[in-house]
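**Student:** We have chain A; now place chain B onto it with these hints.
Protein chains in written order, with the numbering used here: chain A, 1 to 276; chain B, 1001 to 1256.
Some hints could be false.
[To be verified] With a Cα cut of at most 30 Å, we get these calculated DSS-like pairs of lysine-lysine: (1) A:K264 <-> B:K1132; (2) A:K265 <-> A:K21; (3) B:K1212 <-> B:K1132; (4) A:K171 <-> B:K1132; (5) B:K1229 <-> A:K171; (6) B:K1122 <-> A:K171; (7) B:K1212 <-> B:K1014; (8) B:K1132 <-> A:K265; (9) B:K1014 <-> A:K171; (10) B:K1122 <-> B:K1086; (11) A:K171 <-> B:K1224.
Rather than coming from a laboratory, the hints here were simulated on the basis of the structure.
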Amino acid sequence: MSDKQEPALSRERAEYLRKVKIRKYSIFATRILILVAVFAVWEITANLKLVDPFITSQPSRIIRTLVNLYREGDLFRHIGVTCLETVAGFLMGTILGTGIAILLWWSDFISRVLEPYLVVLNSLPKIALGPIFIIWIGPGPSAIIVMALAISLIVTILEVLNGFLSADPEKIRLVQTFGANRLQVFTKVVLPANISSVINALKINVGLSWVGVIVGEFLVSRAGLGYLIVYGGQVFQLDLVMTSVIILAVAAALMYQGVVWIEKKLTKNRQIYGQL
Amino acid sequence: MAEELVDVRNLGMKYQSPNGEIDAVRDVSFTVNKGEFVSLVGPSGCGKSTILSIISGLLKPTSGSVRIGGEWVRGTSRKVGYMLQKDHLFDWRTIYQNVLLGLEVRGTLNRESRERVLGLLKTYGLYDFKDKYPNQLSGGMRQRAALIRTLAVNPDILLLDEAFSALDYQMRIAVTDDIYGIIKSEQKTVILVTHDISESISMSDRVIVLSKRPATVTAIHDIKFNLEKRTPLACREAQEFPGYFNTIWKELDVHV
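Chain A with its partners taken away, still in its complex shape (with noise of 0.2 Å):
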């Protein structure tokens, strides 16, 4: 524990905490090694006409691209846009899909009814629904945040409810000896129990959003990456392309940390030890 004093490290340990540490950087450097050597090839190839940059693009003009778009004032409205309706069909799919999970642990007849249903609906491609989201809507990020909430929700609520029908059923009849209501069940354990499955929602959701966005832009809009990548395709401008996929992933990335970062502010303190 922390608030003890460490006693001198013995040989042995000092040798193993030195060897942790040596693989943790090696882990590390070896990423970025492996990150730079596919820009510098991917660059030297296509300035050695190896490969054709026209097909491929490359480093130094997708940086190009990147310059000018942000000259133009494009480049941070085309990344507000999509990460505003990512965000948005994030939000709302975890809401809505968490609140129908409540509902659906709440009363098992109306679980039971709507199951056959939900599992249609889970095998279906969302992305079919893309056409008739767009004439019920109409064209524009609305069409496009239902799309990514089609997508999400149901993965959600499915992930959800299984979470909180694994509570512990002991758990839950001890709750019960004291007298709990169904209300009181569910605060006091389905809930803290479960809070691992619904963060696990989040996080499935995020990649989930993106992909319904990204659609939903390739089928109907006027800004956002999707429609950078999907008019950069058809004006063969691989380096829009490719700049925009990019942007993309990083974007992706900072928005899964967000949730992990989210996760460790919910658990801290939790289950320290336990999970060691």
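**Tutor:** Just chain B now, with coordinates in the frame of chain A:
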């Protein structure tokens, strides 16, 4: 004359399921006096726990009735504290938050009840651990915390449902002594359900032997030891112990 606290009369329970009907308990009657420690002993799966669930009000019997302190049991009663097989401390709560659970659920958490719980923690040596999480405590201390959680709501009667059987043997003997001491000093009435004959004899004033399913009362034994200070461990070594053990063993009629 001792004051009668629990009156179980002609209790019957049949479970219904799509696959058929299970006759779990049939015509069980007994009473428990205030301050008494009574064990229900029976083979595994005989319906002992069903009887406890009915007394606690978690389960409605198909026939018969239970009265606690003269009142009919309808739904979970505030007079009853229930201890399950495992301690079921919530690992997302500290020990202090865990023992407050019952008060929270019942909506009786106030300055006075908090003081009482802190007093219990102090008396039974858990005060210094109150801000620790359950997985930082030993099995024995966890069991003690679970008992304090039950005592926190100040029940008249404690129902122990195989309360120690999740522990390994040595731990179990030690914990039994520990919990017994606390229960006696709090002067609680107890009904213990167990399949362990030794455990029932060593702790109880009275042992009620139940038959295989459907559970019926086979025999009732008053357990008396000639000991200055009775503890479960001392009882296990007392000369009366083997006699009780053999009688109950025969009545349980165990076949492999």
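**Student:** Against each hint, give a clear statement of whether it holds in the structure.
**Tutor:** These are the hints, each one checked on the structure:
no., hint, result
1, A:K264 <-> B:K1132, "19 Å, holds"
2, A:K265 <-> A:K21, "26 Å, holds"
3, B:K1212 <-> B:K1132, "43 Å, violated"
4, A:K171 <-> B:K1132, "20 Å, holds"
5, B:K1229 <-> A:K171, "36 Å, violated"
6, B:K1122 <-> A:K171, "26 Å, holds"
7, B:K1212 <-> B:K1014, "15 Å, holds"
8, B:K1132 <-> A:K265, "19 Å, holds"
9, B:K1014 <-> A:K171, "25 Å, holds"
10, B:K1122 <-> B:K1086, "23 Å, holds"
11, A:K171 <-> B:K1224, "36 Å, violated"
The structure fails to meet hints 3, 5, 11 from the earlier list, while all remaining hints are met.
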